[in-house]
Structures are given as structure tokens and as C-alpha cells.
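For the protein sequence lines, the chains are Y and W, in the order given. Residues in the first sequence are numbered consecutively from 1, following my numbering. Residues in the second sequence are numbered consecutively from 1, following my numbering.
These are computed hints drawn from the structure, not numbers from a lab. Values in this document were obtained by computation on a predicted structure and should not be read as measured data. By construction, the Cβ of each residue, glycine as well, lies at the ideal position given by its N, Cα and C atoms. Treat each hint with caution, since some may be false.
[Claimed, not checked] Output of the computed footprint for chain Y on chain W, the stretches with three or more beta carbons under 8 angstroms from beta carbons of chain Y:
# : stretch
1 : 16 to 28
2 : 49 to 63
3 : 617 to 623
4 : 633 to 641
[As the list claims (entries may be wrong)] In silico negatives: residues of chain Y with every beta carbon more than 12 angstroms from chain W:
# : residue
5 : N34
6 : D166
7 : E202
[Stated by the list, open to error] The calculated DMTMM-like cross-link candidates involving lysine to aspartate or glutamate, where the alpha carbons are at most 20 angstroms apart (straight line), are:
#  : chain 1 : residue 1 : chain 2 : residue 2
8  : W       : K153      : W       : E68
9  : W       : K153      : W       : D67
10 : Y       : K235      : Y       : E90
11 : Y       : K223      : W       : D29
12 : Y       : K64       : Y       : D163
13 : W       : K640      : W       : D599
14 : Y       : K59       : Y       : E177
15 : W       : K705      : W       : E634
16 : W       : K378      : W       : D604
17 : Y       : K73       : W       : D74
18 : Y       : K243      : W       : E731
19 : W       : K641      : W       : E731
20 : Y       : K33       : W       : E470
21 : Y       : K73       : W       : D29
22 : Y       : K33       : W       : E731
23 : Y       : K243      : W       : E336
24 : W       : K261      : W       : E289
25 : Y       : K73       : Y       : D122
26 : Y       : K64       : Y       : E90
27 : Y       : K73       : W       : D18
28 : Y       : K73       : W       : D599
29 : Y       : K73       : W       : D604
30 : W       : K378      : W       : D425
31 : Y       : K223      : W       : D74
32 : W       : K551      : W       : E731
33 : W       : K261      : W       : E189
34 : Y       : K33       : W       : E336
35 : Y       : K125      : Y       : D95
36 : Y       : K225      : W       : D599
37 : W       : K178      : W       : E134
38 : Y       : K33       : W       : D18
39 : W       : K153      : W       : D74
40 : W       : K222      : W       : D255
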Amino acid sequence: MPNALHIIVCAGIVPDPLQTLEPVTNPTGPGLKNEMVLPSVLDPWAASALYEAANLVAKNPGSKLWLVSLGPKAKLQQVMMTIAQKVAFELVPIDGPLGGFADAHATAAALADAITAIQGLDRDKLLLFGGWESATRGAGITLQLVGERLGITDQFQGVDQIDLHDDGSFEVLERVEGGKHQASVCAGAPAVLGWATGNLPEPRNNPQIGMVNMRTVMPALQKAKPAALAPNGLKYVSVSLPKQQRDTRVVKDMNSDEIAAEVVAWIGAE
Amino acid sequence: MSTSALPETASMLTLPTDQVRSILWRFADRFDLQMLVQSARGVARGTVARLVAAGERNTHDWTPLKDEMMDAFDRAGLTAVFMEPEEGGFIVGPKNLALALSAFELAWVDGGAATASLAGFLALSPIHERGTPEQAQHYMSLAAPPQPGEDRKAWRGAFALTEPIPYVGVDTGMLGGKVRIAEWKGGEEPLLHVDKRGRFITNIATANFVTAAVSSDDPRIKGSCVIILEDGDEGTFDPGTPTRKLVHQLSSTGDPIFNLKVPASRIVGGYTVKDGVIVPNFSHGEVIEAVFRRTRVTVGLMTAAKLLSAIEPVIRYQRSRFRGAEGARPGTVRYEQGIQQREDALHRLVDVWASGEAAASLGFAAARLFDELDPLEKQKTAILRERGIAGGRSEMKALRATEESAIAFLTMKPNDSRRAEYAADPLVQYVLKDAEANVLCPATKLWNTGHGANMMREAVSLMGGYGITEDCPGFLASKWMDAQLEATYEGPEAVQRRQLTVTMTSTVFLAQFRAWITEMRHIASIRPGTGACTLASAMQMWLWTLNHLQKVTDAAGNKLYHGQRQGVTFAMADALCWLLASRCQILDVLELEARGTADASLADTLRGTVQFLGDLCHVQTAKAAGEVGRICAELVFGYKKHPSWNDAGCNQCFSVDELAEFEQTMPGITSIVLDVLKADGSHPDKAGPCASCIGESDFLQMQNKLSRCLSGSRLAKDRAAETVSAVMIPEALDYPQ
């Protein structure tokens with residue numbers, strides 16, 4: 001099995017993007033209003049990484065997939081009720097705070113420690129996956145920092161595709177400017193891949209897969225180690241959501257051509 | 001960036017989360033059910049919602065897209081919910097709660113989709129409940145979705161009954177299908193000829209097999225049975241013409257025609273041959289009784305899902321109603337709150353929400369009860385069989401002594417030495433749960449769907465003209481119409497009322513009901529503000545009225561509480577449902593309060609959520625108390641003849657002179673006497689002297705007390721309304737419109 005892989009996906013949980021997200025300052029620093037009570041989902045970018053990883057594992061016999069996730073245990077459990085039905089994996093939970101405002105270095109340290117402690121992990125076969133972006137604040141450096149802490153120097157970001165070769169090397173397509181991809185060939189594992197959206201659809205829920213996963217997920221959650229993330233002096237001056245602009249007028253008796261012309265003019269003015 | 005700490009007020013911040021729901025409905029410890037919920041939700045808010053939005057409800061014909069919905073059920077594991085792991089399922093043990101949750105999630109978007117999912121189980125239920133082990137294994141395996149690597153298509157089934165349902169006092173002999181012997185060679189399996197025409201049969205367009213109820217048309221076959229028909233059998237298996245439905249168009253319905261030859265081994269539950277006559281082991285009545293008493297609960301929950309699904313779209317509509325208008329600038333109350341500035345809009349939505357919570361609580365309580373009852377029923381059957389007792393009447397006779405033990409168990413003191421023994425006795429527990437289930441099941445079906453349909457009308461009305469358009473988010477208008485079908489199928493409302501009139505008067509149930517009154521009073525003492533005391537008072541009134549009605553006669557001397565007197569019995573059944581729903585709702589909120597503290601993810605919101613849901617309980621109990629008070633008062637007084645200004649009536653009145661004399665010895669009497677005749681014999685302008693309350697003074701006292709018990713209920717409604725005006729909702733509905 002020359003291409004048997006050990007893939008670790010680092011994936012956080014984020015508030016459901018459909019919810020109204022409002023930044024507030026809590027006693028402990030910035031956060032989102034009512035964050036703990038908002039329903040959570042797996043970070044969409046990292047979720048793409050998970051589905052790509054599962055696809056690779058399925059195609060390469062002898063491979064294994066771990067999902068390493070840092071978040072409040074109870075929230076992680078909620079999210080697992082859906083995610084665990086999609087692909088087979090072994091969960092490595094870290095019981096930590098929610099939110100995108102933690103210091104990326106502290107987060108990376110906790111993730112790297114958890115990965116180092118995984119029994120049976122072969123670093124020569126390791127592909128470290130995650131999202132190159134996040135639906136939270138998205139520091140954009142956490143995955144790289146985890147890779148560096150693990151001593152992995154081959155790193156790729158904005159990945160949309162990976163093609164494994166028989167000799168263990170692989171070709172990676174990374175997003176670059178102008179809607180183009182940069183193709184790179186890597187000699188083989190270990191490597192870090194920060195995924196963009198990939199090419200795979202979200203797998204359908206399959207409770208049969210879920211029941212198998214849950215045999216390990218639930219005990220793992222019960223034993224999840226707490227991780228207090230030190231702020232390391234990080235301070236936020238201000239936090240705000242991207243501005244939404246709404247410019248609605250109620251008009252009557254306007255024909256479609258006039259409406260279209262006005263929309264085009266409005267777009268042009270932007 | 002605004003600066004604020006998490007609020008300390010006990011106000012619900014967001015709509016109840018999955019975690020809250022799993023505690024309320026008691027599946028927080030069941031990850032298999034939590035996964036099922038997510039899986040069913042994915043199909044409902046994905047595949048199903050897209051079908052509805054694309055207009056697939058606009059045709060009653062079965063279409064390729066509707067067929068894809070069935071495949072989506074397979075892929076998401078919904079088809080396998082009914083099955084045991086060895087048959088291709090993934091849930092171990094009883095499946096009533098699982099089916100209920102799955103149907104709830106599907107009906108959140110479309111009732112027809114839920115029905116299409118349930119109809120397959122309905123076809124398999126006779127085989128599951130009463131079939132031989134071979135039949136169960138064979139058909140469950142065929143119906144199980146193919147596993148990875150398997151190259152086959154799952155069989156789908158339909159259930160063909162088409163006649164009145166037994167146990168409801170109507171003619172149960174009118175079966176729309178006949179069976180006779182086609183061929184019976186010595187030593188071989190008899191070949192039967194089945195001739196049946198179905199009416200309004202669900203899932204018939206996709207059915208590979210049908211479980212059909214038939215009666216004997218041959219002296220060599222005894223009674224009736226349920227028999228399995230396959231589309232490959234010799235003869236005609238015609239799905240017939242589709243029914244031109246106005247509702248539930250995502251499930252297929254048709255009037256099939258079957259004229260087939262099938263082996264006798266297809267008789268559900270098998271048969272024996274006695275003196276040359278085939279005797280089915282189970283009559284069709286015994287089979288379908290076991291089936292319907294479970295599946296009706298899920299139908300009730302479908303309507304509950306509609307009510308709760310209406311909350312979010314209505315809030316969003318209300319808040320955004322004026323946005324875009326010139327006079328509504330961001331930051332103004334008009335812009336932010338929209339119609340929610342008005343108390344009426346909030347109060348009416350609170351009523352819809354409270355009804356939805358109560359309906360869901362009742363339905364899920366019934367589903368859980370059947371999960372507890374299923375293994376007990378098997379134990380009961382095994383124990384009685386060991387004693388040589390089998391069959392409906394013999395079992396009922398044998399359980400009579402156990403009923404006394406069950407009633408004794410309910411009234412035992414906590415330190416009674418026999419308590420542990422009775423608690424561990426499967427027969428005692430079976431009798432208790434069976435009596436409760438026999439009431440909760442029809443109550444769920446009747447109240448959830450009937451009252452639910454009325455409240456769906458209210459929800460639609462809160463959307464204004466938008467509510468009756470195809471563009472209305474949440475498909476509310478479709479749900480309103482669908483609710484009416486749910487009130488009708490699997491036994492219309494009259495059937496449920498009829499069953500309740502029989503089961504609610506069982507001594508075991510009434511003993512439980514008395515215990516529940518005590519329970520509610522106790523809850524009220526430790527957790528005031530939920531309306532538990534109001535509910536207990538209303539329960540007391542209902543019980544008093546039932547006893548009263550069973551003893552008294554009407555003005556003509558005819559018995560009041562009588563099977564044929566449905567004006568009395570059905571009304572009491574209706575009143576009972578309100579009480580049961582409120583009780584379950586209160587118990588659920590207490591469960592959330594007790595268990596929610598252990599859940600860290602609820603820490604910030606538990607108090608507020610419990611407060612809000614508790615206020616909804618209070619609102620609902622006040623409404624229930626009002627209904628019960630009205631119904632009971634009508635029944636207690638409505639059958640008495642109103643006195644008139646004739647000699648007999650006037651003789652009961654004081655004259656002005658008499659009253660003046662009495663006033664000398666009893667000062668103040670004038671102020672309390674209502675009917676006084678003047679010196680010229682003329683009387684006050686009204687229908688007659690007021691009716692006496694001799695015999696009903698206790699009722700009037702209860703009525704008085706019940707009115708005072710309503711104290712605080714409108715304050716609770718105000719609090720709930722305030723929460724509704726501020727609760728956070730998602731930016732958009734999570735399914736297409």
C-alpha cells in the first residue's frame with residue numbers, strides 16, 4: 001500500500017452562518033452576541049477539507065482519517081450528530097473556548113499537542129488538512145503554525161485539488177490571482193494543505209456511518225482534554241461585521257427595462 | 001462594536017435549540033435519535049423543500065422527482081428507521097419515538113413527505129406486529145435500503161384497509177375485500193384468490209407489495225385476515241387512478257384494484273387448519289388495532305411540527321413588515337419591530353407557539369410511552385401464554401386482577417413494602433401503561449390535528465395576505481390545508497373521540513388521572529408560574545363532571561353519559577385532550593429545568609428558555625382551563641330544563657311583599673335574591689327564574705375557584721410576548737420557499 005495515508009483534518013466549529021452575528025465585548029475580550037446559544041456547524045472551509053480527505057482515504061486502502069477539533073465539548077457533540085453521519089473518521093476533541101478571537105499561536109499549540117499525542121500516527125504518511133479560511137474571524141495562519149510546530153515545511157494554501165501518484169508524490173492545485181490555479185508537485189507526505197472549496201459535494205447524511213463513528217466519538221468527547229488558550233497579549237481595538245448596504249425605494253409603475261437600467265447604473269456606480 | 005456583557009435577565013435569547021428540544025423530548029442521551037433528527041432534517045429542508053418550492057405539489061400524479069424523494073429517504077436512512085439492525089436498520093429497540101422524530105422533521109417542511117415516509121412503515125407494521133418470523137424477516141429485508149455494494153432496489157409497500165376501524169363502535173364487518181380458496185390440493189399449501197378494491201391508498205404508485213385486509217368469502221376460511229399481495233403475483237395488481245388530492249401531494253394516493261392468486265402462507269401471522277377450515281391466527285381487526293394505536297401518534301406530531309415551524313417565518317414577517325417603506329428608517333421602532341409593535345400580533349403568535357409546544361409534548365410523550373409499552377406487551381403475552389391464556393378476551397379477563405393491583409400501586413404510600421414488588425411486576429406496569437396509551441394515542445391524534453388545524457389558520461392569518469400565497473415562507477398555507485387531512489386520515493376525529501369515550505373511563509386510567517391531579521398540585525407548590533395549579537383545578541372539574549354525568553339524567557329522564565349520547569361523551573373527550581396536552585407540556589419544561597443545568601452549552605440561556613417555555617405552559621393551561629370550564633358547564637347545566645314563568649317556576653320566586661317581610665329578620669336578603677315577582681304578578685324581563693343549583697353547588701364552587709386560578713396567566717402571556725418581540729432568529733429560513 002504505497003499510498004496509504006494518515007490524514008488529519010483540523011476543523012473548528014462556528015456559529016451557523018444563517019444566524020445574525022453581532023460582535024460584542026465580553027469581560028474576556030471580543031466575542032459574538034449570544035455565541036454560546038447559537039447553533040454551530042463545522043467551519044465550511046474545513047468541512048471541504050474533511051470531505052476531500054475522506055475521499056482520499058476511501059481511494060487509498062490502509063489510510064486513516066482523524067478529525068481534530070477544538071471547541072466546547074457540548075457544542076462539539078451537537079455538531080458531530082450531523083458530521084459523523086457524512087464520513088468515517090476518528091475524532092480527537094479538545095475541550096476549549098468557542099469563537100474566532102483566540103490567539104492563533106495558542107490554538108495552534110493546542111492542536112499540535114493533540115496531534116502529537118495521537119497513537120499510531122505515522123508522520124511519514126501524514127497529510128495535515130484544514131481550511132485556508134474560516135467562517136469566523138479567520139486569522140489565516142493557524143494551520144501553517146500547526147504545520148511548523150509539527151516540523152512540516154511543505155505547505156499549500158487555497159487548495160482545490162490533490163492528485164496522488166503511484167510513487168507517493170502528489171500534484172496540488174492552489175488558487176492564485178485571476179481565477180487561476182498554481183500547480184505544484186510535492187515529493188510526498190508529510191505536507192500541510194489548507195483547502196479552499198475543493199471539488200466534492202457535501203456527502204449526504206448516512207446514519208449507518210454515524211452509528212459506527214459514534215462508537216468512538218462519544219468516548220472521545222467524554223475524555224476530551226481541556227485547553228485554556230492564553231491570549232499571549234493579543235488585544236483587539238475594534239471588531240465589526242462587513243457592512244451591508246441596503247438602499248431600497250418603493251416605486252410604482254416602473255417597467256422592467258427601466259428597473260434593469262437602474263440596477264446596471266447602480267452596479268456601475270459601485 | 002457595541003459593548004455589552006451577556007444579559008442577566010431571564011429572557012430567552014434564541015429559538016429553542018436542538019439541545020433544548022432533545023432534553024424536552026427526552027432523547028438527549030440517544031445519539032442515534034439525534035443523528036436521525038439531523039438526517040431527516042437534511043432531507044426535509046433540502047430535497048423535500050426544493051420539491052415543494054418547485055411546484056411538485058401542484059400535481060397529484062406521481063412524478064420522477066417525487067420518486068427521487070423516496071430515494072432520498074433511503075439514502076438518509078429514514079426508510080431503515082423502522083427496521084432492526086439485523087434487517088438493515090440502525091436503531092435498536094422500540095422505534096416509536098424514532099419514527100415520531102423523523103415524521104416531525106419531515107412535516108416541518110411538508111406533511112405529504114412525512115406521510116410518504118410513514119406509509120411504507122404502515123405497510124410493514126402488520127407484518128412487524130403480527131407477522132410470522134419468516135414473513136418479518138423476508139419483507140423487512142426486501143424493504144431495507146440497499147447497502148453499499150448491493151445491487152437491488154428496495155421494495156416499497158402500501159397498506160390497504162378501506163373500511164371502518166374496529167374498536168370504535170361502528171360496523172367492523174364492512175371489508176372492501178374478499179378471500180376464497182382457489183386451489184387446495186391434499187398435503188399442499190392452499191392457494192387463495194383475493195379480490196379487493198382499495199380507496200385512498202397511500203404510496204400505491206410505488207408499492208411492490210400491499211398488506212390488505214380481507215374477509216372470507218368461503219366457508220373453508222374463517223373470519224377475516226390481513227394478507228400480503230405482491231405485484232408479481234398471478235392476476236391483476238393495478239395501482240388504479242390517482243386520487244385528485246388538494247393536500248399532501250408529495251405522497252401518492254390511489255384507488256387500486258387487486259385480483260390475485262396468492263399462497264395461504266401470505267396470511268399475516270400465519271394460520272392453522274381445523275376441520276378442513278383455514279383459521280387465520282389473527283383477524284384483520286387484531287392486526288390493525290396493533291398497528292394504528294402506534295402510527296396515529298406520529299400523525300398528531302406532524303401537525304405539531306407545522307405549528308412550531310410557523311413561528312420563525314411569522315416573526316421574520318412581522319419584524320420586516322414595514323422595511324423598505326419610506327417612513328421606516330433603520331433604527332426606528334417601526335423598522336426594527338414592524339408589526340411586533342402591536343400586542344395583538346405578539347399575543348396571537350404566543351397562542352400559536354403555546355399550542356405547538358403542547359401538541360409536541362403530548363405527541364412525544366405518547367411516542368415514548370409506546371416505546372416503554374412495546375417490551376412490556378411482549379412480556380405480558382409471554383407470561384399469559386405460559387399460563388395457557390391467549391387471545392383478546394381471555395387476556396382481558398386474566399388481567400382484571402392485575403388492574404386492581406395497578407390501582408393499588410397508584411395509591412400506595414412511598415414507604416409501602418409492596419411498592420417495589422408492584423413496580424417490578426411487568427403485568428402491573430403493562431396494565432398501567434396500556435391504560436395510559438389507550439388514552440394518549442387518540443388524544444394526540446384528535447387534539448393535535450383538530451386544534452392544530454385551527455391554530456394553523458391563526459398562523460396563516462398572522463401573515464396577512466402573504467399567508468395565502470405560494471410565496472409565503474414556510475409554506476404555511478399548504479400546511480394549514482394539510483393539517484385538515486391529518487385530522488382525517490388514520491381514523492377521523494369522530495373515531496378518536498369514540499375511542500376516548502371508552503378508554504378514558506377505565507378505572508385504571510381514572511386512578512392515574514387522580515394521581516396526576518395530586519402531581520400537578522405538588523408541582524405547583526414547588527414551581528409556581530407554570531399553570532400547574534390551574535391545570536389541577538381544571539382536571540378536578542373534569543373528573544367531577546364525568547362522575548356527575550354518569551349518575552344524572554337529562555330533563556326527560558334519559559341517561560346522560562351513554563355511548564350513543566355523543567353530545568356528552570365526545571365533548572368530555574375533547575375537554576380531556578386539552579388537559580393531557582397541558583400536563584405533558586408542563587412536565588417537559590420541568591425536565592428541561594432539571595436536566596439542562598448539566599449541559600454547559602445551555603448555561604447562558606437555560607433560565608430564560610425555561611422562563612419562556614414555562615410562561616407558554618401558563619398561557620396554555622389558562623386556555624385549557626377555559627375550554628374545560630366551558631364544556632363542563634354546558635354539560636352540567638345544559639341538559640337541565642330552564643325554569644319558566646309558569647306556576648311551578650313562579651312558586652320558587654319571592655313576591656315583593658314576602659321579601660320585605662324577610663328583610664326584617666334577614667337583613668340583606670333582598671340584595672341576593674334574583675327573581676322577585678311584583679305585586680301584580682309581573683316578573684323581571686328574562687327567560688324565566690334562574691335555574692336552581694341544587695346538586696351542582698360543588699361545580700359552581702370549582703368554577704369559581706378555577707376562575708381565580710387564572711390569576712397571573714395573562715401576565716405570563718405579556719412576558720412571553722415580550723420575549724417573542726426580542727428573540728433572535730436566523731437571518732433567513734434554512735429551506736427554500
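**Message:** What's the verdict on Y/K235 and Y/E90, does the C-alpha distance respect the 20 angstroms limit or exceed it?
**Reply:** violated (35 angstroms)
**Asked** Would the pair W/K222 and W/D255 pass a check requiring their Cα atoms to be no farther apart than 20 angstroms?
**Response** The hint is violated at about 27 angstroms.
**Prompt:** Within 20 angstroms, alpha carbon to alpha carbon, are Y/K73 and W/D74?
**Reply:** violated (31 angstroms)
**Request:** Would you mind confirming whether the straight-line C-alpha gap from Y/K73 to W/D29 stays at or under 20 angstroms?
**Result:** holds (15 angstroms)
**Prompt:** Given the hint that Y/K223 pairs with W/D74, does the C-alpha gap stay at or below 20 angstroms?
**Reply:** Violated - the C-alpha atoms of W/D74 and Y/K223 are around 34 angstroms apart, more than 20 angstroms.
**Message:** Given the hinted pair Y/K33 and W/E336, is their Cα-Cα distance within 20 angstroms?
**Reply:** With Cα atoms ~18 angstroms apart, Y/K33 and W/E336 stay inside 20 angstroms; holds.
**Request:** Decide if the proposed pair is consistent with the structure: W/K261 and W/E289, CA atoms, cutoff 20 angstroms inclusive.
**Result:** violated (26 angstroms)
**Asked** When you check the alpha-carbon spacing of W/K641 and W/E731, does it fall within 20 angstroms?
**Response** violated (60 angstroms)
**Message:** Check the hint pairing Y/K64 with Y/E90 against an upper bound of 20 angstroms on the C-alpha distance.
**Reply:** Roughly 8 angstroms separates the two Cα atoms, so the pair holds.
**Item:** Hinted pair W/K705 and W/E634, Cα distance within 20 angstroms
**Value:** Judged against 20 angstroms, a Cα distance of about 17 angstroms means the pair holds.
**Request:** Quick one: see if chain Y covers the stretch 617 to 623 of chain W, three-plus residues with Cβ-Cβ under 8 angstroms.
**Result:** violated (count 0)
**Message:** Check the hint pairing Y/K125 with Y/D95 against an upper bound of 20 angstroms on the C-alpha distance.
**Reply:** The given pair, whose Cα atoms are some 27 angstroms apart, is violated under the 20 angstroms limit.
Consistency note: the structure conflicts with the earlier hints numbered 2, 3, 4, 5, 7, 10, 13, 14, 16, 17, 19, 20, 24, 25, 31, 32, 35, 37 and 40.
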